[in-house]
Amino acid sequence: MKPLRLCLVRHGETDWNVEHRMQGWTDIPLNARGRQQAQALAAALRDTTFDAVVSSPLQRALHTAQAVAQGREVRLEPRLRERHHGEVQGLTRDEMRVAHPALHAALVARRPGYLPPGGESIEAFDARVRAALTDLREAHAGCTVLAVAHGGVLDVVWRWATGQDLHSARQQPLPNAAINWLVSEGNAWRVVAFGVDAHLRDALDDQGG
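Letter by letter, the sequence shown follows residues 2 to 210 in this note's numbering.
For the record, the hints were derived by calculation from the structure and aren't laboratory data. Incorrect hints may appear among the rest.
[Claimed, not checked] With a Cα cut of at most 16 Å, we get these calculated EDC-like pairs of lysine to aspartate or glutamate:
id	residue 1	residue 2
1	K3	E124
2	K3	E139
3	K3	D136
4	K3	D52
Sequences and hints are given; from them, build the entire structure.
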């Protein structure tokens, strides 16, 4: 099977990103900075020809993808949604620590099989993202594809590509609207570039931000 060249991007910034709230499946829109980031991303990828554009259906991802697609079809892929955090969605880490100390401790420990109340285990989340990318790889072998998703999605894909365990602490920064390139190699993924964000710094400099 020919390799898939994948540009995997986290959505632009939201107010809940700024406030460090657990977003999960809550459908939070991009804020003004996030919309600016989406436009900067579109400019940075303007000369890249994508055979397909796919996105999580959550609006923060979809609107980022639409900025890059420039009127082209964006296919929704529900399996690229963020991990569902259950009853702690909408809380900051500090609020969770006070209101749900046992749940906070369990989430910090990153036990892959732990199922938060009303939410999704890391194992289940990892499995659905893996299934989505496997289907994408098989449907678009030999192609270049843009996929816009969420920090949790980028995190598990980074772990596959680098051999980091699901239970270990996150080590790789995952900036909003940064460019990440991966290539499929059989059933595995190889990182080509990760966290490329010069386009974001340039856009902020141009607008005095």
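Now the hints, each set against the structure:
1. K3 to E124: Status violated; Cα separation ~28 Å.
2. K3 to E139: With Cα atoms ~9 Å apart, K3 and E139 stay inside 16 Å; holds.
3. K3 to D136: holds, 14 Å
4. K3 to D52: holds, 14 Å
Of the numbered hints stated above, the single one contradicted by the structure is hint 1.
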